[in-house]
Structure formats: structure tokens, C-alpha cells
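There are 4 protein chains.
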Amino acid sequence: MLVIHMARGCKSLEVARVCDFLERRGCSLRVVGSFESPYIVSNGCEKVGNLVLSLPGVKTVTSTKKPYPLASRETFPDDNVFHITEDIKVGGGHRLIMAGPCSVESRSQILETASGVKTLGANVLRGGAFKPRTNPYSFQGLGSEGINLLVEAKEKTGLPIVTEIMSPEDLEWLEPHVDILQIGARNMMNFALLKAVGRTRKPVLLKRGMMATVDEWLQAAEYILAGGNHKVILCERGIRSFDTSTRNTLDLSVVPLVKSISHLPVIVDPSHGTGRKELIKPMSMAAMAAGADGLMIEVHPRPHEALSDGAQSLTLEEFGDLMESVNRLCSVLDEEVKAPCGLRIAM
Amino acid sequence: MLVIHMARGCKSLEVARVCDFLERRGCSLRVVGSFESPYIVSNGCEKVGNLVLSLPGVKTVTSTKKPYPLASRETFPDDNVFHITEDIKVGGGHRLIMAGPCSVESRSQILETASGVKTLGANVLRGGAFKPRTNPYSFQGLGSEGINLLVEAKEKTGLPIVTEIMSPEDLEWLEPHVDILQIGARNMMNFALLKAVGRTRKPVLLKRGMMATVDEWLQAAEYILAGGNHKVILCERGIRSFDTSTRNTLDLSVVPLVKSISHLPVIVDPSHGTGRKELIKPMSMAAMAAGADGLMIEVHPRPHEALSDGAQSLTLEEFGDLMESVNRLCSVLDEEVKAPCGLRIAM
Amino acid sequence: MLVIHMARGCKSLEVARVCDFLERRGCSLRVVGSFESPYIVSNGCEKVGNLVLSLPGVKTVTSTKKPYPLASRETFPDDNVFHITEDIKVGGGHRLIMAGPCSVESRSQILETASGVKTLGANVLRGGAFKPRTNPYSFQGLGSEGINLLVEAKEKTGLPIVTEIMSPEDLEWLEPHVDILQIGARNMMNFALLKAVGRTRKPVLLKRGMMATVDEWLQAAEYILAGGNHKVILCERGIRSFDTSTRNTLDLSVVPLVKSISHLPVIVDPSHGTGRKELIKPMSMAAMAAGADGLMIEVHPRPHEALSDGAQSLTLEEFGDLMESVNRLCSVLDEEVKAPCGLRIAM
Amino acid sequence: MLVIHMARGCKSLEVARVCDFLERRGCSLRVVGSFESPYIVSNGCEKVGNLVLSLPGVKTVTSTKKPYPLASRETFPDDNVFHITEDIKVGGGHRLIMAGPCSVESRSQILETASGVKTLGANVLRGGAFKPRTNPYSFQGLGSEGINLLVEAKEKTGLPIVTEIMSPEDLEWLEPHVDILQIGARNMMNFALLKAVGRTRKPVLLKRGMMATVDEWLQAAEYILAGGNHKVILCERGIRSFDTSTRNTLDLSVVPLVKSISHLPVIVDPSHGTGRKELIKPMSMAAMAAGADGLMIEVHPRPHEALSDGAQSLTLEEFGDLMESVNRLCSVLDEEVKAPCGLRIAM
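For the record, the sequence lines run as chains S, E, H and G. Per the UniProt record's numbering, the first sequence starts with residue 1, numbered consecutively. Per the UniProt record's numbering, the second sequence starts with residue 1, numbered consecutively. Per the UniProt record's numbering, the third sequence starts with residue 1, numbered consecutively. Per the UniProt record's numbering, the fourth sequence starts with residue 1, numbered consecutively.
Pulled out of the complex, with its shape left as it was, chain S reads as follows:
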């Protein structure tokens, strides 16, 4: 595939000429990004890359065999660093700690959790309002009422919020309220939903499907990037294997692997990844040591009362203990990175 970057301020006629050039040769193409400085992704014209480069308005042309040209480090060598809010960034050494309950259950529950996790060091509040439940008769979340409560918690604490979106139909009204749109593992190949969030400019947290290969995961990200939304955060949350001693098999080796082949930030969810609260702290430590850009942790003031996922939720106290250890670990890891270690992918 070719990724053609047009020069800043290029004219629309120049873009049209490149497209015409590609179409005449029977190559597929897609224009991505801003009007000022768009990218053109093309499949099938790899051999005439040099000719394309000589066309007016073309800045760079990169060729790649990866099926995810926009997500690949071959095309964009630098870490993709972007803002969640004015103050909070992700990627390139900026860590994202998302914490909060599996489901928003009540006003007091979400407000108590939000102010608690903020004090203890989280910089994003998580909470589910629309819950993808295996069983139709299980609690399906508070819906729009849950969103209202999250917004209230955000106003009270200043924490940006991340919540799951389950259908393209919900996007229009949901988007203005949330700071990060979450695509759940079960929807990683819901291509209609991926296309929808690709049309927004909100950051998207893309969870890895429980049976998705690394290649499939990055192609799911590519759906969003190809829509013009470059703010994608990948989240490893465990895959399905034959062993049921943990809820899922947390595949930490994808952290350094994906970071070596893609510029996108990768965070880890050890709560879903293990399903057992006593494993969350050690696996959080392991995730950070493997080079993760952040964590997503389920925290509930009273886990035994949780309507979903109580067995994998930490109390506020346990979350505080985890943050202390993670912070100490990260101070060593940060020192490592400053040293010329030659190994960008992990530390």
C-alpha cells in the first residue's frame, strides 16, 4: 500500500490530480484527514510510488506491506501523542490511569468513586452506562441516566470520562458528553460502529477482541484512522484460551510487540484480563514493566455490592496501594528510558 501525504496548504485540484492518477491505473484510494494536509491511502500502485512523489502538492510517499498503513510505524515512525483534555495527554511517555466501576449504579456510587480515584492518582474516570451483557436478562446498565451521572462526576472532579458505546445510533447524542469513546472487546469487529467513531474527532479506546490476532486488532484501528480520527488508544484486556483458571489470558507480550510495529498508545486492563482481584496489582506492575502507556482498573467502593464484575473490582484502599507501587516502579522505568538503551519498544 501507499500512504501519500499532501503538503500543508495543498490545493484541492492537486489532491484531485493524485486521485485521478491512481484511479486511471486501477488502484483503490481513500482520502483521509484534514482538508489542509490530507493523506491518500492507495492499494495497488506501489510500483509507481516515485511517479506519485513527483506530482504537484505531494509531500511524502511511503510504501508498506502492512494491511494497516495508517497505524503502522513504517509510515509514522514517531509515537502518536495526543490530548484527552487540555491537560492530559497519552502516548510518548504520558501515562493514562483510568479507574472506576464496571457499571454506573447510583449517584453516590459514582461520585464517591470518582473523587476517590482522583485523589489516589487516576486521571480518567471509567464507568459503564450501556453494558454488553451475555445474558439478555442481566442488568444492562442505567443507559442515558448513567451518562448523566458520569457527567456530574466529571463536573465535580474535573476527571475526563470514558464509557462504552454499543451502537452507531447512540453516537450523535453521546459524543458531546464523553471524553473517550470505548469500543468493547465484543464489538472490535463491529465495522459499522468502527466507521461511525472514525467520523468523530473524539479519542477512541479500542479494546482487543477476545479472539483477535494482533493483525486484526490493528486493522480494526485502521478503520477508525481511515475515517480521519487519529486518536486511537489500544487496550489489551485478555484473550480467550483453553485455560479457565483466569477469566481471560492477559497477553502482555503484545504491549512491546504492538508498540514496535505501531505508533498508537497501548494500555492494559488487568481487571478483565484476569477476573481475579488478587492478580490485578501484580499484573499492573507487569504491564507497566512491559512498557504499557497506562492502565484501566475497575474500582468500586464496595465490590461485594457491585451489580457486575464485583470479583474483579478493587476497593479504593486497594487501588491506592496499587498506585503507590506502580508509581515507585515507574520512577525506575522512567530513569531507564533516559539512558541510551536502544530498545525503544519497552523502556
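Among the hints, erroneous ones may be present.
You can't tell identical chains apart in this list, so a pair holds if it fits in one copy or across any two.
[Unchecked claim] Here are the computed lysine-lysine pairs in the DSS-like style, where the Cα-Cα straight-line distance is at most 25 angstroms:
{"id": "1", "residue 1": "277", "residue 2": "66"}
{"id": "2", "residue 1": "202", "residue 2": "154"}
{"id": "3", "residue 1": "277", "residue 2": "65"}
{"id": "4", "residue 1": "11", "residue 2": "59"}
{"id": "5", "residue 1": "59", "residue 2": "47"}
{"id": "6", "residue 1": "89", "residue 2": "156"}
Since the hints were derived computationally from the structure, they do not count as laboratory data. Since this is a predicted model, take the numbers as computed values, not measurements.
Using the hints, position chains E, H and G against chain S.
Chains E, H and G alone, transformed into the frame defined by chain S:
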């Protein structure tokens, strides 16, 4: 869980009283089905089942521990037999043979295939207009134009059509045109989509997710049944395992297993299930011998020209050969069933 | 790789010259088979195959990229048909029905089962004397006493016996007593054991490992073939996947797949493959319809008293019912094969 | 199950009486360990545990539902700490760093590697002399010659050696030469081999099978413990999953999980676990952060010349870099443990 069947012609006040009875005891409930003779599914009131039975208007009360009470044979012991068209039924010994191309590619391609497979014994035409492709730059199907071509093929041949729906947003305009709505493997846990097709009264072909357990598959079916649509056909299409010598691992043992625990018809897709055309015939034979209610076979007039899945498509000639062998096999199997063999699940 | 077949009656000097020719060029080599008409397998000399063919005493030279040259149909296109006893053959349309208890438990149990399954149509008696149990405190089999009982059953019924061997140390004393040496799934990659049975001339039943790819399975067979023992029967017994609704996932598509790439006979064990007795009959039917060369079925006079695997054992009556259906099915399948159907792999 | 610990200096008559007591009640039993202070493991007499405790010579009686009573922390709450050599211990905070080539290939290769890894901080030398290769025509290791070279390297450097044993037949001559007997992943369920190494008193490194559950792994360890050898080191080396982007899926969550349910030390092999050299350092860091008792790392002076596994071998320089980072990380982790963190399992 309790499944409460109200008597035909029961009064709305009687339904309301049952609901009130359950709610007072803190049990969840859901009313399903026609106004004349609805079902009430309730969770948590198993101990007062006998009291419920004594309420006016209640016909039967069944208790089950299965998380899919409406899909379970415990609740509905008889095979779920229903019409696709006036002439064509599925379930209870009525076989469904769906054949056609992976994607609708052109008018001539779909018309040629449709008339070919009809002559050779298919009773449903398959064809994808909206294609769930792993890569955003791959051919995504002809969309609404493809639907028009399918409708034309249906008018020409009389074959009912099955095609995939990828988003709740498409349902309104798509529903009147197609005879069976297909939910693809990647969307088996797209609960927004399951709820949407549960609100229609069109038959739904629910493919097993590539990572779905039998329990999860039947709970996905339960989402549709709980919406009031009882016309669900399950389709085994191979699961993902460690072995890549076939595209997927066709799990035929779920055919007798699911038929023993559920009343829903189960068909098999050996094309996706193996991904290799030379394996389609033997695995079709095996599927029927295992007790399947039908097959879904990819057929293309010229597989090497197919825009997708050419490697797993049969020519019309090969499909004819397959049908001949399957018919001969089924004549023996039908004879078996007549004998009092005590083993309903397979033959 | 090259497979060099020496002419019948070739001289040892001629064999030596071929070996010398290969070694001078730095290629690995191994001499396999009888003194009269040996094969030489060589790795690395593919380019000089024609030169090798011109050496004295060389009959044929076949080149293959498969890592299992002796197991491959590229090298040996015809079905590998061989004798179990003077009367019983396997492969090429000769069906092997192995039946008997998981473990030999007592004299009366094995004698009753043996005479029962013989009457009902089995042609080999199975029974475990050395049991590979996951737990060290579980019943480990009767050991040599169990072998004695199997031998007595064989004398009484005339049925040849198949039993598992767990260690190279047991081979010397075990070999004279049994007709087929079984390698269990857990030992499929016990290469010391594979080499040991490769040195015998007894038929070997090689079960597929629960985590083995098709390529690994055929290379395990190659270990035995490379030892000079060409009598290998492959047995699919289910692989391990994420789904636990059956004990293992019976992967029937390997039957036509393996038979298309290898000349070795393939049988199916639906007892271990499903772990549920109600699924054994339908999956036996499916296995035969997929083209299997036989079945291995656990039968116990009183399954509820079995010391191991009772849940997956048939009674003699159920086995009789299964055999009747299988025989009826096979009569159709045999008719198919006579027709010029062009599809050797399945029917 | 019951684990009955006899008092130090108990009389053989007292042991016999306990056994008699258990046998009369139809319970299975096994006597394990030294003559002075043996354990008796019994299945089926859980209800009379108190009676057993009152028998003469009995010190303690523990009841557990785990199928691996000797490997369980319920029975032995303290970390199992034991010596590899007089100077080197494993478990309870003592770290084992095993490094060396996949295969011993030549005298210079193993001597150069041994002195290199010793200088850089390894405390055990690994090297394969008998190699379990999937293909019978691949390099199978130098065999006894390889053992001689390992012994020479041990004499030169003082490093104890670990090497794989593939057959019970090799045990007698191999045992005196090596310090740790390795059971490979493919032989984790080779019960004849497990029983054989259970009869020695050498430490055993038991790799997890590529498709073994945690329960199966601990029961494999139990085979060795039940033979009277308590010196078992568990080694996670990656499991097989659907994703092939890494050679295996390194399942780090088993480190804290197994350490919480068993007293045995757990080390991690990121070389086999990932199969990609660039992932070895980050996954080593992650393993230690998750609480591992050590690492096993493949090191080769010139990986591109390696006869096996070159793609996953580090150079000496890379190994030095890894050790530096690991040491820095461990200094933080050690500090953690001193704090009263209440979470024994990881740090």
C-alpha cells in the same frame, strides 16, 4: 428462571396481575410474544412457581436453570418448526439448503448463480451485499445496489434470499426486501443488533461467533427470542483454534449437542468452516450425518474471479455433485429416523 | 527433501555410494526400510535429484517440500493398506472398528466386553492396562496383569488387541503380546517413545495430541516411518479449544484433509472426542461420512461402574445400535466410491 | 485428600498402623518422603481426619480438596526454598537466572557462553544435549557428547547446569552429571518420565505444557513430589493460542496465581515464550514485576549461527543489558517486599 405461558385469549389485566405479583417479590420480568398468548420470563421467583400457576389466565409455568429459557428444550420440548416462505419450512426434518456467492458482485453473476443453484436443489439464495471485512480497504460489498440485485434474482427464480445485516440503522429499509436476516459471526455479540432483529418478525440466521461457547451462542439467540421473534436458525461456521491448517475449526459436535438442549434448528456452513473447497463436500456429508437441519454453501460460477472467498467457493458443477451425494445420504438418514431409535438428537 | 527409492535387490555398495554422494554435498541422510529395497531420505540435495537418479541401483527419486516425506502422498500416492492380522486390513476402504473399555478392570469385564463387541461387529479389542492419568493418585491401570487379561480375551475371541504403551522401557516385553501399539495423545511428542516404536514392526495407532497441528501430527508419524515401521494408523480424538461444552473439540475436517495429503489411514475416536455418550453415535456417523477409515469406541458392560471415563462409554446395547446405523450408512458410502466421483479424499 | 505428616523419629510400626487404618476404610494411600519423617497421602478418608490425628506417631493431618495436596499451599503454607548447589538457593526471594544456548553445539560455543553469562550475572548454565525436535530430520542435539561439554563448562565456571531429559532410560547415567533435570513442555504429561525423576533427589525444572491448564501443571508437579522429590521448579514458557504473532502466548498471570496456590518456585522463559528476541527484555522485566522467582534466557555468542532457535537468542551484550535493567528493577521490588503490603503473591 420461570417461563410463564398465559392462556390464549387471556385478558391484559391478567397479564398485569402476574407482572405485579412478580414485581412485588423483587423478581425481574419480561413479557414476550403475541398479545393473545404471551410468555412472561422471570428471574428470581423460582420458588413461587406454583403460586404463579394458580393465578388467573396462567396456562403453564416452567422452571429452568438454563440462562436461555426461551431457547431451551426444557421449556419448549418440541422442535421449533417455522416457515421461511409459504412453501419452505425449516426444523423438524425440513432441510434448508442455502447456496450462492460470498458477495453479490454483478447482475449476471447473481442471476446465473441463482438459477443454477435452484435447479440443483437449493431452496434459499445467499449473497452478501454488506460485507464485514477485516481490512478497511478491502471490497466492502455493493451495498443497497447488491440488495436490488438479490431481489431481482428472487423474482426471477422464486428463491427466498438471506443476506447479512451489519447495523441496526439498516434494518428499517432492509427488512422488507429479504427473507432471512443474517447475523454474522463477528456480530454475534453485537447486542444492539440482536435486540433490533428481535423486534422484527423475519427469520434470523444467527452464526456462531468464532470465539463463542455454546452457552454464549444460545444466549445470543435468547436476545432475539426475548424480543418476541421466535424464528431463529443457528449456524455453525467454525471456531478459532490453534490449528491453521483449515481456516476455522468446524465444530460438528455442536450439532447434536445444541439440538439436544435447544429446540432451534441448526445448520452448518462448511465453506467458512473449512476455507478449502476440497473439504466442503466431505464436511457437508458429515454435517448431515451428525443431524444438521441444513447447509449454507458458497457457490460462484467462476470462483477464481470472486472478489472474496474464492478459495472456498464451489462451481455450479461441484455444487451439483455435492447435492447428489447429500440427497443419497439423506435418504438413508430419513429411513433411520422412522425407526424407533430413541436418539432424537441425531437421527 | 528427497526420497530415494533403491531398486529391489540393490547391492549394499550401491546404497553406500548414494549415501557417499549425498554426504559429500553436505546433505543429511537417513536410510529407511528393508535391506532389500531401502529408501534414503535426504535433506538439502533437492537440486541434484536428477544426478542421484542416474546412480546405479536407484529406482525413483521424489522431491517434496513437506517436512514429512515418508508420510506424504506426494511421495507415496497410493493409500497405505496393511494387515493387522492375517484376516484384517486397514486403509484403502478396509474399515477398522476398535471397541472395548477405557481400562481393563477385571477378567469378567474384559471377557464379557470382548465377546460382546465381536458379535456386534468390532474387529479389534481396545483396553488400557497402563493409563496416563492427570492425577498421580488416580487409578493407573492394572499394568502387566491387564495385559494378561487382554491376551486371554484375544485367545477366546480371536480379536486382535490394541493397548497404550507409555514408556520405551516397556516395549520389549509388551510387543509380543499386542497387535497394535497405541501412542496416546499426551505422548504424541514423546520423541523417545516414537523412535522406540519406529524400531518395531508392529502397527502403531498414533493419537493426535490435544494441542497438535496437522503438520506436527504428520511429523510425529514421520518419526515412526523414519524408523522403518510403515504401519501407522492416525487417530483424531479431539483437540483442546476454548469451549468446554464437550470434553474436547472433535476436529473432523482433518479426516478429509489428512487423507488428501497423506497415504496413512485415519480413524476417529468420538468417545474421547466428545466425552459425552449421547454424542458418540451422531459423531460416529459424521466421521464415517467424512471419510474415516474406522472408529475407536469405548464400550463397557456397565458404564456407571467404570473406574475411568464412564460418562463417555456405551453399553453393549448402545454399541450394537451404533453399529447398525454405521453399517447402513457405509453401504451408501461404499456405493458412492464406486461411482467416478473424482473426490478420493472423502468418498 | 488427607496429608498426614508423621513425627520425626516415628517408628515404622506406627507408619504401618496408619496405613492399616486407612486401608481398612477402603482409602487409597501413598507414603512419601524420608524414613525419618514421612508423609502419607490418602484419598477418601477426609471424614476421619481427626481419628487419624489421634494415632501414635502422627504429627499433623491436613485436609484439602486440591488434586495436588503436596504442591498446595493449603498443606505447606511456606515458600518451598531449596538448594541447587551449596551456594545457590531458589524460592523465597532467592532468584535463579538460567542462561545459555538452546543447544550445545561445540566446545568453544558452550565455554564462551558459560563464562560470558557467569560474568554478567547468571547463576545457572542452560544447554540442550538431547533436543525434542518436531521434525525427525532436524538436528537432535549432541547427546552424551553435549553432556560432557556441559560438565567441562561447569568445571571451568562453577556454574551448575540444567539440561533436558527425554526418556526414563537416560536417567541413570545422566543424573550424576547435571544439577537440575529439565522436563520439557512436550513431556509435561509423559507420566513415566515424571515418575522416574520423582525417584531421584535432583532438582527438577518442570516446564508447563503448551496446552496445560494450571491444574494439570500442578498435578504433573504432584507426580514428582509424590515420588519423594520435593525439589520442583515450575517454568512458564508460553501456551498455545490462536494468535501466531508470537511463537507462544506467555501467560504471566500464572506467576502470581500459581504462587498463591502453591509453595513451589515459578520462573519464566521469555525466549520460548515469545520466540522474538526484541521481546525478551520487556517480558523479562514484566515477569520479575509479576513476582517470578527467576528467568531462563537463551543466549548464544552468535545467534545467527545457532543450529536451533537463533531468532530468540540474545547475544552476550544484549544479555548484559537485560541483566542490568532487571537488577535495577529488582532493587525496587525487593524494597517493596519489606513493606507490609499484605500481598504475598507478587511483591
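Status of the hints after comparison with the structure:
Proximity of residue 277 to residue 66 under the C-alpha cut-off of 25 angstroms is restricted to the inter-copy arrangement: shortest distance 21 angstroms between copies versus 38 angstroms within a copy. Taking identical chains as interchangeable, the C-alpha atoms of residue 202 and residue 154 lie at most 25 angstroms apart only when both belong to the same chain, with a minimum of 16 angstroms there against 43 angstroms between chains. In this homomeric assembly, residue 277 and residue 65 come within 25 angstroms of each other (Cα to Cα) only across copies, at 22 angstroms, whereas the closest approach inside a single copy is 41 angstroms. In this homomeric assembly, residue 11 and residue 59 come within 25 angstroms of each other (Cα to Cα) only inside a single copy, at 13 angstroms, whereas the closest approach across copies is 73 angstroms.
For the identical chains of this complex, residue 59 and residue 47 are intra-copy neighbours only, at 18 angstroms inside a copy versus 48 angstroms across copies, given an alpha-carbon limit of 25 angstroms. Taking the closest pair of Cα atoms, residue 89 and residue 156 come within 25 angstroms of each other only inside a single copy of the chain (21 angstroms); across copies the shortest separation is 54 angstroms, beyond that limit.
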